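S.K.: Start from the sequences and build out the full structure, keeping to the hints where you can.
Numbering-wise (the working numbering), the sequence shown opens with residue 4 and increments by one.
One should not assume that every hint holds.
Unchecked claim - Here are the simulated DSSO-like cross-link-like pairs (lysine-lysine), alpha carbons at most 27 Å apart as the crow flies: (1) K303 / K341; (2) K396 / K374; (3) K119 / K134; (4) K221 / K192; (5) K134 / K396; (6) K192 / K281; (7) K342 / K396; (8) K221 / K56; (9) K192 / K119; (10) K56 / K85; (11) K303 / K85; (12) K334 / K281; (13) K134 / K56; (14) K374 / K56; (15) K342 / K281; (16) K56 / K303; (17) K134 / K192.
Simulated from the structure, these hints should not be mistaken for laboratory data.
Computed from a prediction, not measured in an experiment: that's the story for all the values here.
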Amino acid sequence: MGDSETEYAAHGERLGEVRAEAVTQNRRRFVVAHFMVGNTYPYTVDDWLSDIKLAASYLIDGFVLNVGREEWQRDRVADCFKAAARLPEAINFQFFFSFDMSSIPGNSAHDINLVKSYYYAPHARSRHMMKHPRTGGVIVSTFAGENCTWGQGSMEAGWDFFKRELSSIAPVYFIPSFFVNPARYHGIKAMDGAFNWNGGWPLQLTPSTARQEIVNPKLDSDLIHLQNLTGGRTFMAAVSPWFFTHYGPDTWNKNWIYRGDDHLFVRRWEQLISMRDKVDIVQVISWNDYGESHYIGPIKGAQPNSQAWVDGYPHEAWLVLNSYFSAAFKKGMYPPIKKDQIFMWARPHPRTAHASDRVPRPNNWELTDDKIWAVVFTTAPAKVELYTTENNKETFEVGAGMTKLSRGQTPDGGMKGVIVRGGRVVAECSPIGFRYESRPGVYNFNAAVCMSY
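M.R.: Encoded structure:
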């Protein structure tokens, strides 16, 4: 093996059935998924019920309902609660609102009425609203809101007003995601906790960052939030598998990536499990945000004009993989591996490929590597073979447990992985239709994600 990256890929990183960091407090932990209600215009009650049952079956405790100003979104939320009412008692799936303050106005006292229209009594008092275990307050979150005053003269006074108004319907436990210096948390009395929205991605990286800092980059932005959450306040952490958005200036003018390489999803989960004594809730970003390419749920509903980079790129294998780490986070122990299984993902073209796309190559494209990423679960030692063509194979010896592997791509090749034990293939992952295009029609830095069954 040549360079250090190849050595790293060849040896992998093994994680067996080990106990997570011991905890000193016996408290329940939750894993929830960020859900864009704005992508559900055609949803029926049955659509909601299908998503809820699917999420619950893979150890997600609830959806964080991201809601905006459109009136029809309130109708979809009502359908969501109708679907939840049809769940059997054994499925205790829950919700809380994330008020999207990039959409909802928060400048005057009158603006609170829009928020109240979501939080009205039948919803706020539903058994399916997630409540803080210690206080019983209904959990409420936001996306942004640091510029909102609600007509009260300051951000701090405005969010006090917000919390009082909602608490008149049902007591609130407030865990916003404000994009402010966390040192300000001490002065924002309405906050019962904080959500570090950007904690799951290495935002510090730029194309000029040294290569040794780009590979396996630090994910340490939680620290400053934790340092400023005193007095028993709750910390909600983010985990996300990917990030790519590709809108031109004629629409949302968002066109960039964050580095999702180095098994980002798995590394971040391992980090959160190791620090679970400090984390109360993990929020997966996201269930269905197709525009930013980090969805782990099925592709359905109404996409936000993201079809060019989403259609044909399913991510449900990440949902299955997520359940392994969700179990470990909630129980404090990695579950035993009972089945040989491969998870794989890759981008659909080289990062330097040229496309006849009206939207240019995304910002930060230099940060990603042209590789296949694989996570392998093995019940006993085995060989893993990763292919890009039938004649281009790399073989790895792995032990029992979980192993993270990677290998380079081949232009106009595909991807396939097999686990071989005793001369017999015991698991195979080979996505139909995936081709690593040397001449793509559009720039697509999304991932095709697959798994063996």
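S.K.: State for each hint whether it applies.
M.R.: These are the hints, each one checked on the structure:
no., hint, verdict
1, K303 / K341, "violated (31 Å)"
2, K396 / K374, "holds (13 Å)"
3, K119 / K134, "holds (18 Å)"
4, K221 / K192, "violated (31 Å)"
5, K134 / K396, "violated (51 Å)"
6, K192 / K281, "holds (21 Å)"
7, K342 / K396, "holds (23 Å)"
8, K221 / K56, "violated (35 Å)"
9, K192 / K119, "holds (21 Å)"
10, K56 / K85, "holds (14 Å)"
11, K303 / K85, "holds (19 Å)"
12, K334 / K281, "holds (14 Å)"
13, K134 / K56, "holds (20 Å)"
14, K374 / K56, "violated (34 Å)"
15, K342 / K281, "violated (31 Å)"
16, K56 / K303, "holds (15 Å)"
17, K134 / K192, "holds (19 Å)"
Hint compliance for this structure: hints 1, 4, 5, 8, 14, 15 are broken, all remaining hints hold.
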